[in-house]
Amino acid sequence: MDEHEEDNLSSLPLELLLYIISFLPFESARLIPFVSTRFRSVWSQALVVAHSNNGSIDEISHVLSSFIHNFNDHDPSKNTRKMELLFDKSIFASTILGPHNIVHMNFLSNGSKREESFCWRIEIKDQIPRRVEPRGFLVKTLCLESVDSLTHEVVSSMVLDCSLLENLKICGCKGLTSLTIDSPTRLIHLSIFDCPELRYLDIRTPKLKTLHYRGFLPLIKIHEHFNLSNAIFDVKQGPSYCNKALDIGPLLLIIKNSQSLTLCRWMFEELIKPSISSSWTSFQLYKLHELRWIVNSTKQENINSLISFLKLCPSIERIFITIDSNTYCSKEDSSVDPDHGSMHARALKNLKLVKLEGSKREDDKNKLILSLQDIVNINQPLLVLS
Numbered sequence: 041m042d043e044h045e046e047d048n049l050s051s052l053p054l055e056l057l058l059y060i061i062s063f064l065p066f067e068s069a070r071l072i073p074f075v076s077t078r079f080r081s082v083w084s085q086a087l088v089v090a091h092s093n094n095g096s097i098d099e100i101s102h103v104l105s106s107f108i109h110n111f112n113d114h115d116p117s118k119n120t121r122k123m124e125l126l127f128d129k130s131i132f133a134s135t136i137l138g139p140h141n142i143v144h145m146n147f148l149s150n151g152s153k154r155e156e157s158f159c160w161r162i163e164i165k166d167q168i169p170r171r172v173e174p175r176g177f178l179v180k181t182l183c184l185e186s187v188d189s190l191t192h193e194v195v196s197s198m199v200l201d202c203s204l205l206e207n208l209k210i211c212g213c214k215g216l217t218s219l220t221i222d223s224p225t226r227l228i229h230l231s232i233f234d235c236p237e238l239r240y241l242d243i244r245t246p247k248l249k250t251l252h253y254r255g256f257l258p259l260i261k262i263h264e265h266f267n268l269s270n271a272i273f274d275v276k277q278g279p280s281y282c283n284k285a286l287d288i289g290p291l292l293l294i295i296k297n298s299q300s301l302t303l304c305r306w307m308f309e310e311l312i313k314p315s316i317s318s319s320w321t322s323f324q325l326y327k328l329h330e331l332r333w334i335v336n337s338t339k340q341e342n343i344n345s346l347i348s349f350l351k352l353c354p355s356i357e358r359i360f361i362t363i364d365s366n367t368y369c370s371k372e373d374s375s376v377d378p379d380h381g382s383m384h385a386r387a388l389k390n391l392k393l394v395k396l397e398g399s400k401r402e403d404d405k406n407k408l409i410l411s412l413q414d415i416v417n418i419n420q421p422l423l424v425l426s
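If you're matching positions, the sequence shown starts at 41 in the working numbering and goes up one per residue.
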């Protein structure tokens, strides 16, 4: 809006401005400050509410649950999109109700217990309700950030009411050492980012289709078999344990039918390759179409390792290779044999694209092309980018 043009909206009564906002989609409402100068202050009043509480910590759960449950998009008095809660001058909780049934929760604690380690169990009572109440905010995606030893039980209590939850994201939880996710029938997507002390991950989610993990690789326990369509293990920092206690067998079973997979080279060399060495011909990722491969350099041994893995992927179509010098390198002297499994390897007839990210050197690209000739037909059209 031109600053010299007449701002008709700003002349409207406050009650009417709030009423107009209540009928706007969240994406459109966010643009209001650019349309009207007076709406800038009304925006904060309509979509943000501050709340202070000096009672017990359990009351945080009650306050936040009431905020979500009482939401009404078409009632100006109940369509608040954000709550900022200050509890006992030590805990700050920010809750945002976003579009598409998304809730963002961010917790900050000033107490001395913030860095204390804790074990966290998230249980989702996800039986489909007989009827859905017309009021309230239906939570299908929940994003949790900076949950700590003071607030994790509060969050667990709240999640019990999220019977329609399909997507759970957990990020930046310092002190979290053990995490259990229990969702018998509904959770489809699980993301866990940057929890540096996490050592143990217990997954009880038979319907899970997407698992996105970033950070040190913890010990992972799988209770029931399920088939992931998208598995992302961005574990450039390496393992969080000092031995080979991880039972890779169940993990291999859940990624075996993946269509998209992100993997670090060290994870293949230290965990996957030893576990399938005796059954190389029988273990194949038949449904894998897209691979994102993370290595610390373009040394020949890294390329050879990639070629070995690709011989397990007969249907691969796209390969993205990320070069990150900060990626963990196995402390073991892994002997990489590019011909390992070649007797039973199939030509990658569906491969169409290979992209090298993190290196612009022409020599690296040529080295990769030369190695790919072992598994790609000479006359096969293939686009290699860097």
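These are calculated hints, taken from the structure and not from any lab test.
For each residue, glycine too, the CB sits at the ideal point set by N, CA and C.
There could be a bad hint or two in this list.
[What the hints assert, rightly or not] Only pairs whose alpha carbons sit at most 20 Å apart, straight line, appear in this in silico EDC-like list of lysine to aspartate or glutamate:
(1) Lys405 x Glu357
(2) Lys165 x Glu124
(3) Lys296 x Glu264
(4) Lys247 x Glu264
(5) Lys261 x Asp234
(6) Lys339 x Asp234
(7) Lys392 x Asp404
(8) Lys276 x Asp234
(9) Lys122 x Glu155
(10) Lys249 x Glu237
(11) Lys209 x Asp274
(12) Lys276 x Glu397
(13) Lys214 x Asp201
(14) Lys389 x Asp414
(15) Lys261 x Asp201
(16) Lys296 x Asp274
(17) Lys209 x Asp222
(18) Lys249 x Asp274
(19) Lys261 x Glu163
(20) Lys395 x Glu357
(21) Lys180 x Asp201
(22) Lys180 x Glu155
(23) Lys214 x Glu193
(24) Lys247 x Glu163
(25) Lys165 x Glu264
(26) Lys247 x Glu185
(27) Lys249 x Glu193
(28) Lys180 x Asp222
(29) Lys247 x Asp222
(30) Lys261 x Asp287
(31) Lys249 x Glu206
(32) Lys261 x Asp222
[As the list claims (entries may be wrong)] Restraint ranges, calculated between C-beta atoms of paired labels, are given here:
(33) His252 x Glu397: 15 to 21 Å
(34) Arg239 x Asp364: 19 to 25 Å
(35) Pro236 x Phe132: 33 to 39 Å
Here is what the structure says about each hint:
no.	hint	verdict
1	Lys405 x Glu357	18 Å, holds
2	Lys165 x Glu124	27 Å, violated
3	Lys296 x Glu264	15 Å, holds
4	Lys247 x Glu264	10 Å, holds
5	Lys261 x Asp234	19 Å, holds
6	Lys339 x Asp234	28 Å, violated
7	Lys392 x Asp404	19 Å, holds
8	Lys276 x Asp234	11 Å, holds
9	Lys122 x Glu155	27 Å, violated
10	Lys249 x Glu237	25 Å, violated
11	Lys209 x Asp274	15 Å, holds
12	Lys276 x Glu397	15 Å, holds
13	Lys214 x Asp201	25 Å, violated
14	Lys389 x Asp414	12 Å, holds
15	Lys261 x Asp201	26 Å, violated
16	Lys296 x Asp274	18 Å, holds
17	Lys209 x Asp222	14 Å, holds
18	Lys249 x Asp274	17 Å, holds
19	Lys261 x Glu163	16 Å, holds
20	Lys395 x Glu357	12 Å, holds
21	Lys180 x Asp201	11 Å, holds
22	Lys180 x Glu155	30 Å, violated
23	Lys214 x Glu193	15 Å, holds
24	Lys247 x Glu163	14 Å, holds
25	Lys165 x Glu264	17 Å, holds
26	Lys247 x Glu185	24 Å, violated
27	Lys249 x Glu193	27 Å, violated
28	Lys180 x Asp222	16 Å, holds
29	Lys247 x Asp222	11 Å, holds
30	Lys261 x Asp287	8 Å, holds
31	Lys249 x Glu206	10 Å, holds
32	Lys261 x Asp222	12 Å, holds
33	His252 x Glu397: 15 to 21 Å	18 Å, holds
34	Arg239 x Asp364: 19 to 25 Å	23 Å, holds
35	Pro236 x Phe132: 33 to 39 Å	21 Å, violated
When the structure is compared with the earlier hints, violations turn up for hints 2, 6, 9, 10, 13, 15, 22, 26, 27 and 35 and for no others.
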